[in-house]
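Engineer: Each chain, written out:
Protein chains: 2
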Amino acid sequence: MTAARGFELSEFEARMARAQSEMTVRRLDAIVITAPPNWRYFAGFATQFWESPTRPWFLVLPRAGEPIAVIPTIGEPGIAKTWVKDIRTWPAPQPEDDGVSAMAKVLADCPRTYGRIGWEMGRESVIRMPIADFDRIRAACSGIEFADASPLIWRLRMVKSPAEIAKIERACRIGSDAYAALPGQLSDGMNEHEVARTFRAELTRQGADAIPFMAVTAGAGGYDQIIVGPNDRNLSPGDVMFIDLGATFDGYFCDFDRNFACGDVDDETRKTQDIVWRATEAGIAAACPGATPADLAAAMVSVMADAGATGGNVGRLGHGLGLQLTEPPSNMAGDETVLEPGMVMTIEPGMDYGDGKMLVHEENVVITEDGCRLLTTRAPREMWKIG
Amino acid sequence: MTAARGFELSEFEARMARAQSEMTVRRLDAIVITAPPNWRYFAGFATQFWESPTRPWFLVLPRAGEPIAVIPTIGEPGIAKTWVKDIRTWPAPQPEDDGVSAMAKVLADCPRTYGRIGWEMGRESVIRMPIADFDRIRAACSGIEFADASPLIWRLRMVKSPAEIAKIERACRIGSDAYAALPGQLSDGMNEHEVARTFRAELTRQGADAIPFMAVTAGAGGYDQIIVGPNDRNLSPGDVMFIDLGATFDGYFCDFDRNFACGDVDDETRKTQDIVWRATEAGIAAACPGATPADLAAAMVSVMADAGATGGNVGRLGHGLGLQLTEPPSNMAGDETVLEPGMVMTIEPGMDYGDGKMLVHEENVVITEDGCRLLTTRAPREMWKIG
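Sequences listed follow chains A and B, in order. Just so we're aligned, residue 0 is where the first sequence starts under numbering that gives the first Met the number 0, counting upward by one. Just so we're aligned, residue 0 is where the second sequence starts under numbering that gives the first Met the number 0, counting upward by one.
Take the hints with a grain of salt, since some may be wrong.
You can't tell identical chains apart in this list, so a pair holds if it fits in one copy or across any two.
Claimed, not checked - Listed below are the simulated EDC-like cross-link pairs for lysine to aspartate or glutamate, each with C-alpha atoms no more than 20 Å apart in a straight line:
id	residue 1	residue 2
1	384	265
2	80	96
3	270	294
4	384	354
5	104	132
6	84	223
7	80	354
8	84	368
9	84	10
10	356	75
11	80	223
12	356	266
13	80	191
14	356	263
15	80	231
16	384	334
17	104	351
18	270	351
19	80	7
By construction, these hints were calculated from the structure, which means they are not laboratory data.
Could you put the whole structure together from the sequences, leaning on the hints where they help?
Structural biologist: Pasting the structure below:
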């Protein structure tokens, strides 16, 4: 399947039907969407305009009937081009009442069976609006319980459609091709910012729409963390450099990292590289329908523990992936989500070694009927060399 | 002043001292930070890792004493490199208790004078954590009122230091130089995505760290909205194209747009272009210490109304700018914030015309002792031509 932009109407109708069916199971009269990835998922609407925190936007999905957009006037022409036809606006910004009374009215008019409205209140969710205004809407809706809709939303989003998988696969191909082109464009003496700019330019050439995440960090003989950087540090012989990438195509992310050796690395790093590479193999081999993220984590940990590892500090060994860089579930003990075809996961073992150093690998897979399929071009067993 | 990366320790100490002084005025025992721009402002800590919604991070600023970071273990090496020295961690993700009991303990131990703790609860603010967990912390802190710290935070962030202004100016120069290079790189027949990719590549070459916002939209004879796009539409002769840009240098944004004519545009568009250009001039002329954002809006509206305009639908005519694409205040009737030296504003008049078309201009200025200084290279009076 080729990754086209956007989705057919039938895709949104199917998402809405699944949401409505789940609302009955979970005893919710409606759910309210405020967060950009959920807006994109249910309405097919995306705007970078949400980079501005000034105005909240609401999408109400009732248990029966059509979605209702409650939005700032500025958004009307854009929403009118989506499949959402019931659009109510207010002239935001309007500091004294930015959507509060408009939302209180829509929720009061919503047919009531259970007296419960779901919001994005739980795990890995944020309500994109001032909490003082959320409290005001909650107070205005006396007699209605505000419940957590996050489990319902994540249940839907966790299993990707073929059209969604095609977009993630395209993002992964863009990332893989850009990584492959990178070693020849880098050299000793570049600083981490120059590395990041070089990689950004290559990703843009390869067709990335946006690059919301790019960590670049290097250290002599190895790196000690993976979430801060790039910094002004220059690459030197003997460095190990880590790059982690979250780039999008049509809103869908790839999320995978690569390690680079500046010249020769020491034996301990080389040995650790091989262990983590084999742990990744074990994680990929374990990914199949019926397995759990806890199983995947155990498969990876087992390889590293057999080799004498005492663990890494990143807290989990991969996660779901889609409209966000990370999504549920998490590859860690205790996550007993049952994997099924269509789920997209990162396989991300990490290992501490030496004197405060760490090494992290990552690939992206989609669960299939009988196992999984690699979406990224598998990292070479030995690190790429620079210079 | 040249824009260096990062800030001196004294800059953070000054921010903390101002925050603590404001806490006394506003009767708060501490404020709690969760949002990335506020983390960056007070701790000097930035990570794209927050693109992942899985883990909350907390920074507690007590009314006296040092800041306290309450964070996932994965963040410790990064925070240890900042000026924040009191670091408490928990091994996130930990779904059953992701920071809730850790935060309840820190807040219970916080010296209590007023019995009030400030959170990012109000205007143009979002608390970056699950609201169900926020409710749990609130319930666990009986006897402590959770109050809105947003006015305090925005009061501090609204007036930029010379070092902050230098970074915004550099972002504006990167954006200005990239815009100037663009017309020669575009041609009829490119689609909006190709335009966006070309501009992204040029911005990256010019030194942009990230490009969180780039709207590209074109229409025959004019465009009808400014927040959705790029799309797959091809540029054709007679089109007017709008690009709006939010690019960063060291975390600080520029935010300004430009209009492009594909060949010749009609008389009405040409006439409107001149009106909006003159409205921008009036906005820049009005920007000085002692004026209010309402005054700036009135100056711009006056030029457009004199020319027969009936208004635009974007709700305001510019806004503050800094660590976020848009910040308070807003150029609109009712915003009586008194402008003072160091505030950075966008001057952004927009006007409806013809059959559902609109035209929007934008420049960035910093308020000085005796007026304002343009940070962007002023747009030409006539639109840039393509092809």
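Engineer: If the cutoff is 20 Å on CA atoms, where do residue 84 and residue 368 land: within, between, both or neither? Let me know, please.
Structural biologist: Answer is neither: 37 Å inside a copy and 50 Å across each miss the 20 Å cutoff.
Engineer: Could you figure out if residue 104 and residue 132 sit no more than 20 Å apart (CA to CA) within one copy, between two copies, both or neither?
Structural biologist: within (14 Å within a copy, 27 Å between copies)
Engineer: Is it within, between, both, or neither for residue 80 and residue 191, if the alpha carbons may be no more than 20 Å apart?
Structural biologist: Between copies only: 17 Å across, 42 Å inside.
Engineer: Can you give me the call for residue 80 and residue 231, within, between, both or neither, at a CA distance of at most 20 Å?
Structural biologist: Close across copies (14 Å), not inside one copy (44 Å); limit 20 Å.
Engineer: Checking residue 80 and residue 96: alpha-carbon separation at most 20 Å within a copy, between copies, both or neither?
Structural biologist: Answer is neither; intra-copy 27 Å and inter-copy 42 Å both fail.
Engineer: Can you give me the call for residue 384 and residue 334, within, between, both or neither, at a CA distance of at most 20 Å?
Structural biologist: neither (37 Å within a copy, 57 Å between copies)
Engineer: When Cα atoms must be at most 20 Å apart, do residue 356 and residue 263 count as within-copy, between-copy, both, or neither?
Structural biologist: within (17 Å within a copy, 61 Å between copies)
Engineer: Measure nothing new, just compare the shortest in-copy and cross-copy C-alpha distances for residue 384 and residue 265 to 20 Å and report within, between, both or neither.
Structural biologist: within (13 Å within a copy, 56 Å between copies)
Engineer: At 20 Å max between alpha carbons, let me know whether residue 84 reaches residue 223 within a copy, between copies, both or neither.
Structural biologist: between (51 Å within a copy, 18 Å between copies)
Engineer: For the identical chains here, do residue 104 and residue 351 meet the 20 Å Cα criterion within one copy, between copies, both, or neither?
Structural biologist: Close neither inside one copy (54 Å) nor across copies (30 Å); limit 20 Å.
Engineer: For residue 384 and residue 354, with the copy left unspecified, which applies at a CA distance of at most 20 Å: within, between, both, or neither?
Structural biologist: Answer is neither: 23 Å inside a copy and 59 Å across each miss the 20 Å cutoff.
Engineer: If the cut is 20 Å between Cα atoms, do residue 356 and residue 266 qualify within a copy, between copies, both or neither?
Structural biologist: within (14 Å within a copy, 65 Å between copies)
Comparing the model with each earlier hint shows violations of hints 2, 3, 4, 8, 16, 17; every other hint is respected.
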